[in-house]
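Okay, here's what each chain looks like letter by letter:
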Amino acid sequence: MADKKKERFLQIKRFLTNGKVLFGGFILLLLVFTSIMAPYIAPHDPNEQDLTATKKPPFWMEGGESEHLLGTDSLGRDVLSRLLYGSRVAMFVAVVGTFFAGLIGVTLALLSGFYRGAIDNLISRFVDIWISFPPILLSIVLMAVLGTGLTKVALAIILVDWTRFCRVIRGEVFNVREKDFILAAKAIGLGNLRIILKELFPNIVPLLTVLVTLEMGIAIIVEAILSFVGLSVEASVPAWGQMIALGRLYIHQAWWIMVFPMMCIITSVLGLNLLGDGLREVLDPRLKVMGMK
Amino acid sequence: MNDPLLSIKDLRIHFQFPQGTLQAVDGVCLDIDKGQIMGLVGESGGGKSMVGLSVLRLIPEGGRIASGEILFEGKNLLALSDDEMRKIRGADISMILQDPLASLNPAIRIKSQIVDVLKLHKGYDKKEAEIIATELLHNVGLPDPGKNIHKFPHQLSGGMRQRVVIAIAFSCNPKLIIADEPTTALDVTIQAQILRLLKNLSQEYQTSVLFVTHDLGIVATLCDRVAVIYAGELVEQALTRELFMYPKHPYTKALFRSIPRHDKRQDQLYSIEGMMGTPIDWPARCKFYPRCSEKEEMCDHADFVDFVTYSPGHFVRCLKYR
Amino acid sequence: MNLKYIFKRLLYMVTTLFGVSIITFVILRVIPGNPIVMMLPPQATQQDILELKAQYGLDKPIPIQYGIWLKDVVRGDFGASIHMKQDVMELIMERLPATLELVLAATAIALILGIFIGTMSIMKKDTLLDKLGSLLAVLGLSIPDFLWGLLFVLFLGVFWHILPISGRIASTYTLKTITGFFLVDTLIRFDFKGLYSAFLHLILPAFSLALPLTAIVIRVIKSSLLEVIKEDYILLARVKGLSERVVIFVHALRNALIPTITIVGVQFGFLMGGTVLVEIIYSWPGLGKLAVTAIITRDLPLIQGVVLVLAFIFVIVNLVVDLLYTIMNPKIRYG
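Protein chains in written order, with numbering that gives the first Met the number 0: chain A, 0 to 292; chain B, 0 to 321; chain C, 0 to 334.
Some hints could be false.
Per label pair, the in silico range of CB-to-CB distance [claimed, not checked]:
#1 A:Thr106 / C:Leu186: 49 to 59 Å
#2 C:Leu10 / B:His213: 51 to 61 Å
#3 C:Leu174 / A:Pro42: 47 to 57 Å
#4 A:Arg124 / C:Glu243: 44 to 54 Å
#5 C:Glu243 / B:Thr188: 38 to 48 Å
#6 B:Lys146 / C:Ile331: 15 to 25 Å
#7 B:Asp299 / A:Leu15: 37 to 47 Å
#8 C:Glu226 / B:His213: 25 to 35 Å
#9 A:Lys5 / B:Phe16: 15 to 25 Å
#10 A:Phe32 / B:Phe16: 34 to 44 Å
#11 C:Tyr324 / B:Gln192: 29 to 39 Å
#12 C:Asp71 / A:Thr51: 51 to 61 Å
#13 B:Gln192 / C:Lys7: 40 to 50 Å
Hints were generated in silico from the structure; no laboratory data involved.
Ideal Cβ placement from N, Cα and C applies to all residues, glycine included.
Build the full structure now, drawing on both the sequences and the hints.
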């Protein structure tokens with residue numbers, strides 16, 4: 000028993016000393032923080048227009064002022080505040096989209112991988128057809144059908160990306176189900192549902208964790224893409240993608256309107272990807288050890 | 000006989016692990032004369048493959064040659080530059096590996112795999128090289144060499160593949176060939192053919208062979224001289240006949256006892272007690288001590304066991320023969 | 000490669016395309032706001048709307064609409080764009096080469112760059128080149144194509160006018176196209192100024208698409224090479240005395256390329272449907288832009304046509320990739 004505790008301790012230690020996990024985890028925490036605290040730390044109302052102070056540059060440039068640290072956009076709205084509120088959209092989309100896409104995808108994958116046969120064929124066929132849809136176009140079409148709005152965006156993401164979870168997890172399920180403890184569980188006569196939940200699922204959790212971080216980054220990007228085409232959240236809701244699309248129009252006079260939300264997206268996705276990479280390294284330490292014959 | 004062709008002096012190969020230093024080879028001294036076939040016998044993990052690889056300086060990553068010299072025709076191979084070493088590989092010293100299917104590149108035809116060595120070391124052009132390659136394949140007994148040379152490795156049988164590997168090894172007339180268990184992966188019937196081929200070629204070209212194996216039967220038929228290795232150290236060395244008739248080291252004796260016998264009834268197959276284990280940070284004393292059936296009081300107290308000359312040309316590393 | 004296998008694959012393709020078209024059809028008919036209303040002036044009466052609806056066959060039940068559409072498609076008739084009043088197939092064929100040229104260029108860049116960086120990364124482990132390669136791999140995966148596009152536009156088009164950022168060729172050109180591939184059309188006419196212009200215009204959008212793919216290629220090449228290097232035949236190649244460069248580039252890469260090409264092929268299929276944003280940013284007149292316009296104007300026949308064509312390309316590319324794999328892997332080809 001002491002061994003297990005020691006192993007657990009070593010595992011946690013590995014987590015905390017992996018550079019990628021630390022950096023990525025930090026970014027994630029930062030995102031969570033800003034999305035929760037935005038209303039309290041944003042210096043201005045993100046929708047407050049000030050037509051006397053449009054396209055003001057960030058404070059370190061000529062013409063900038065400390066009132067608007069990162070400048071203002073074409074309607075005089077404070078960029079920094081909009082960025083902070085934008086993280087709420089990003090987080091919402093990332094968390095909700097990933098969770099439900101994962102729920103659907105993993106459930107189908109578990110069923111597909113465990114029962115195989117006709118069920119697997121059916122589900123796989125369905126996934127194949129779904130994947131043949133160009134994903135960006137599919138999400139755009141869905142938004143055209145569903146209409147704009149935050150929840151609709153999340154829904155579109157769920158409907159497009161569940162296939163990613165399904166495919167990858169299904170592969171892993173096939174790997175795991177051949178392992179001895181599954182056979183042992185079956186031999187004892189444990190019910191299928193119990194085997195799936197208690198034996199199969201815990202073993203795909205490592206891969207799932209990595210996939211989740213990846214998907215969160217993708218969700219943020221998809222929202223940005225949809226904003227670009229004008230099919231994302233309502234105009235009154237500040238979102239990074241939307242800021243980029245609007246900012247692009249003023250790229251010559253006020254490049255910062257576009258650049259800052261770009262940096263936010265890049266940092267968020269980078270952080271999430273690194274987190275996923277780091278988690279993969281920690282959870283599968285075999286990859287780091289030098290093999291010897 | 001003047002100086003030996005190959006002279007390994009006090010070779011030590013270490014691997015660094017978080018748990019400690021693995022002494023894969025711990026002070027091996029070995030001489031091979033021109034045209035001699037030297038057997039290197041031991042169980043898996045005993046370090047025999049590592050000795051062979053170190054001659055070509057192709058130790059796997061993570062390992063390093065901690066000390067020692069490897070003199071080939073008088074030159075210390077360990078002191079050569081990478082470029083100089085590459086000139087020797089394939090031309091003066093060559094190697095045959097265990098699994099012929101794994102030794103040949105599955106995506107490249109046989110022809111290219113023989114021709115590239117010829118072109119590299121002998122400077123032939125494509126046409127000449129192909130002709131020579133076909134002849135080489137004929138010499139190693141590959142049926143229909145003209146046709147098979149254009150095939151891919153997986154299209155040939157295991158025995159044919161190993162003949163190809165041998166052809167590649169002999170192609171540039173090397174002075175020394177290191178054969179690392181070349182018949183282990185083959186059918187028993189093919190094994191004998193390949194061994195015969197190896198012996199004939201070695202005699203014909205006067206090529207020395209370092210034959211690494213765990214199979215004493217092969218040693219008996221093929222090798223002129225044998226060295227027994229255990230846990231990275233040589234424990235006994237002698238002419239083949241001498242070793243088989245008068246094995247002295249307890250490990251060697253145990254190896255012989257382990258061979259299932261055809262002539263006597265055996266109720267139980269003999270196996271050596273215990274396991275060799277991984278030589279990480281071992282205490283300095285006789286390494287075979289834990290498993291030795293002939294151990295004595297003094298064996299536990301000595302911290303270094305030297306090679307002793309039992310009779311001319313026959314060396315044993317055991318305190319009992321001091 | 001036997002007939003039965005090919006037949007099965009074709010059947011598979013056809014059923015997939017069926018599925019895609021049915022799903023598209025159904026989704027589009029659920030769409031709020033229909034093209035009819037958009038086409039008519041605000042004073043239009045209910046009667047006008049009904050008439051126009053009947054004219055486009057939108058008043059019939061969905062399954063019948065699908066049947067009619069299917070019948071036409073089989074004959075090669077995709078109908079006419081409601082909004083642009085042009086034959087759908089014509090519109091698609093006008094734009095397809097633009098997107099193809101872009102994606103082909105991007106794939107070529109990604110392969111060349113990715114294989115080179117990935118291989119050098121393995122050969123010179125832990126050196127500056129390796130670290131740079133890893134950096135590019137991480138950045139490429141984290142920065143999507145359109146953000147690369149915007150970055151390039153910003154730094155190479157706006158701040159410093161190094162490269163053109165709009166259109167396929169200088170606006171002063173009126174090119175008579177044969178293949179639709181500007182690089183080819185200018186070349187066969189020996190129009191080197193035009194070729195140069197088309198080439199310059201292709202660089203930024205192609206690189207924007209290429210960089211994320213390059214990151215993928217680097218990852219795959221590195222992991223494949225690491226696997227291959229452990230094999231005995233690599234040891235034997237070294238035993239032969241071959242230089243490290245030959246060992247890696249000739250022996251190791253030959254085997255590591257097989258899974259790489261497979262993955263790149265699949266990505267190519269994905270890329271064909273994913274050029275939308277890059278085309279918008281660079282005003283590239285391709286299928287992506289066409290598709291978005293169609294969706295926004297609810298141009299049903301056009302949307303159906305474009306989606307079907309893209310799905311078709313995707314499925315064909317997958318088939319080609321599978322065939323390519325069997326050709327490249329000698330174990331299967333010469334079984």
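Structure-based check of each hint:
With their beta carbons about 53 Å apart, threonine 106 of chain A and leucine 186 of chain C fall inside the hinted range of 49 to 59 Å. For leucine 10 of chain C paired with histidine 213 of chain B, a C-beta distance near 54 Å keeps the hint of 51 to 61 Å intact. Here the CB-CB span from leucine 174 of chain C to proline 42 of chain A is close to 52 Å, well matched to the stated 47 to 57 Å. The hinted window of 44 to 54 Å between arginine 124 of chain A and glutamate 243 of chain C holds, with their beta carbons roughly 47 Å apart.
The hinted window of 38 to 48 Å between glutamate 243 of chain C and threonine 188 of chain B holds, with their beta carbons roughly 39 Å apart. Checked against the hint of 15 to 25 Å, the C-beta distance between lysine 146 of chain B and isoleucine 331 of chain C comes to roughly 21 Å, which is consistent with it. Remark: the range hint 37 to 47 Å for aspartate 299 of chain B to leucine 15 of chain A is upheld by a beta-carbon distance near 46 Å. Between glutamate 226 of chain C and histidine 213 of chain B the C-beta distance comes to about 28 Å, which sits within the given range of 25 to 35 Å.
Distance hint for lysine 5 of chain A and phenylalanine 16 of chain B: a CB-CB separation of about 20 Å, consistent with the stated range 15 to 25 Å. Restraint check, phenylalanine 32 of chain A to phenylalanine 16 of chain B: a C-beta distance of roughly 42 Å satisfies the suggested window 34 to 44 Å. Distance hint check for tyrosine 324 of chain C and glutamine 192 of chain B: the Cβ-Cβ separation is about 37 Å, which falls inside the suggested range of 29 to 39 Å. Remark: the range hint 51 to 61 Å for aspartate 71 of chain C to threonine 51 of chain A is upheld by a beta-carbon distance near 58 Å.
Our hint of 40 to 50 Å for glutamine 192 of chain B and lysine 7 of chain C holds, since their Cβ atoms are close to 44 Å apart.
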